[in-house]
Amino acid sequence: ISNLKSRCQSVQEKNANVYEVPVNQQYIMRIVLPAHFPNELPHLQILPPTLSSRYVDPTGKVVSGANELLRSWNPQNPNCVLGDIVVDILQKLRTDCGSNNPSASRYPHMGSYNSGTVPVNYSPNSTVVNSSPISTPIQSHSYGSQEQKRETTHVSFPEIEGLSSQRIQQLLDNEQAFEDFFRETNCVRMLEVARDESRKKNQERAQKNLDKESRIKEENARLSGVTKQLNELRLKYEKLSTQQAELMSQYSPSVIKEKLSIATDEAEEESENIINEYKDGDISISSFIDQYFEKRKIYHARKAKLECVS
6 ISNLKSRCQS VQEKNANVYE VPVNQQYIMR IVLPAHFPNE LPHLQILPPT
56 LSSRYVDPTG KVVSGANELL RSWNPQNPNC VLGDIVVDIL QKLRTDCGSN
106 NPSASRYPHM GSYNSGTVPV NYSPNSTVVN SSPISTPIQS HSYGSQEQKR
156 ETTHVSFPEI EGLSSQRIQQ LLDNEQAFED FFRETNCVRM LEVARDESRK
206 KNQERAQKNL DKESRIKEEN ARLSGVTKQL NELRLKYEKL STQQAELMSQ
256 YSPSVIKEKL SIATDEAEEE SENIINEYKD GDISISSFID QYFEKRKIYH
306 ARKAKLECVS
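Note that the working numbering has the sequence shown beginning at 6, numbered continuously upward.
Everything labelled a hint here was simulated from the structure, so no lab data went into it.
Among the hints, erroneous ones may be present.
[To be verified] Simulated crosslink set (PhoX-like; lysine-lysine; CA at most 25 Å straight-line):
#1 217 / 66
#2 66 / 241
#3 262 / 300
#4 310 / 262
#5 262 / 302
#6 244 / 19
#7 262 / 244
[Stated by the list, open to error] Have a look at the derived ranges for each label pair, beta carbon to beta carbon:
#8 196 / 175: 21 to 29 Å
#9 308 / 96: 41 to 49 Å
#10 215 / 21: 50 to 58 Å
#11 285 / 263: 27 to 35 Å
Owing to the predicted nature of the structure, the values given are computational and were not obtained by experimental measurement.
Glycine residues also receive a C-beta, built at the ideal position from the N, C-alpha and C atoms.
Please build the complete structure, drawing on both the sequences and the hints.
Below is the structure:
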């Protein structure tokens, strides 16, 4: 037991001679030690009994072929250690369980977003000097670099190509007039239309989500009820499974053989006592014959059964 606890840090002692070790998040291995352990083979069972593995039978019992030392259990063998056997079987079961790799993309419905997209004819670093075309110096910053480069590029503004220098100067001098002119440009209008459409779609989606709120609450309540029932059934199953394992340990072949051997000796001893009573004159010949024959029948029946299980 000490070796089992040292090799399996996650082992839990449920009650006397019953231990549990997790295989993974879904399955556990239950270890039931018989009354005459280590002279008897330990019982290993997987709960719930749904694990698909060549080392587990349909009832969840770990077959003896899962480990060579388990197959040829011998407590006199120094290598026959319960902790090492359990660790070896756990590794084989975890290999059979496999791994559930998550999908590479959790949200395939989301498209790509280009944060560098800007409206056509828009340049935040440009300055109006005269009518089109306008030649303006622009600083371009390179991320991760300390150097700044200056280059000259030509930017076209169709909205001001027909304006005179005097009108342009008036816009520059009058902040409100510039604001009104700016909002009337085609690119700004297009951006406002796109903003309004996006806002409208977001409101529609939000309303649809709110309409589903009551249904979601109902489904959550139903899920809570089903989860509660599942937990109750699991606890009931684990309790019954533990009782079954304890009963199996009490009626193992070695235990039955031992009890039958004791009962055979008791029957033989009782028949010998009847002989002594007859010799001492305590019973008559007829009583002796009846009682002796009855006890010998019981003795020979038990003796025959003992030879069958030996």
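Hints versus structure:
At most 25 Å may separate the alpha-carbon atoms for a hinted pair to count; residue 217 and residue 66 exceed this at roughly 46 Å. Between residue 66 and residue 241, the direct Cα distance comes to roughly 19 Å. Compliance with the 25 Å bound is thereby established for this hinted pair. Distance hint between residue 262 and residue 300 is fulfilled; the C-alpha atoms sit about 20 Å from each other, no more than 25 Å. For the proposed pair residue 310 and residue 262, the alpha carbon gap of about 9 Å is at most 25 Å, so the pair holds.
Only pairs whose Cα atoms come within 25 Å are accepted, and residue 262 paired with residue 302 is accepted, the gap being roughly 19 Å. Proposed proximity of residue 244 and residue 19 is supported: the alpha carbons are some 11 Å apart, at most 25 Å. This hinted pair does not check out: residue 262 and residue 244 have alpha carbons roughly 28 Å apart, beyond 25 Å. Hint check: residue 196 to residue 175, Cβ distance near 25 Å, so the stated range 21 to 29 Å holds.
For residue 308 and residue 96, the Cβ-Cβ distance of about 47 Å falls inside the hinted range of 41 to 49 Å, so the restraint holds. Take residue 215 and residue 21: their Cβ atoms lie about 57 Å apart, and the range 50 to 58 Å holds. Separation of residue 285 from residue 263 is about 33 Å and conforms to the stated range, judged on CB atoms against 27 to 35 Å.
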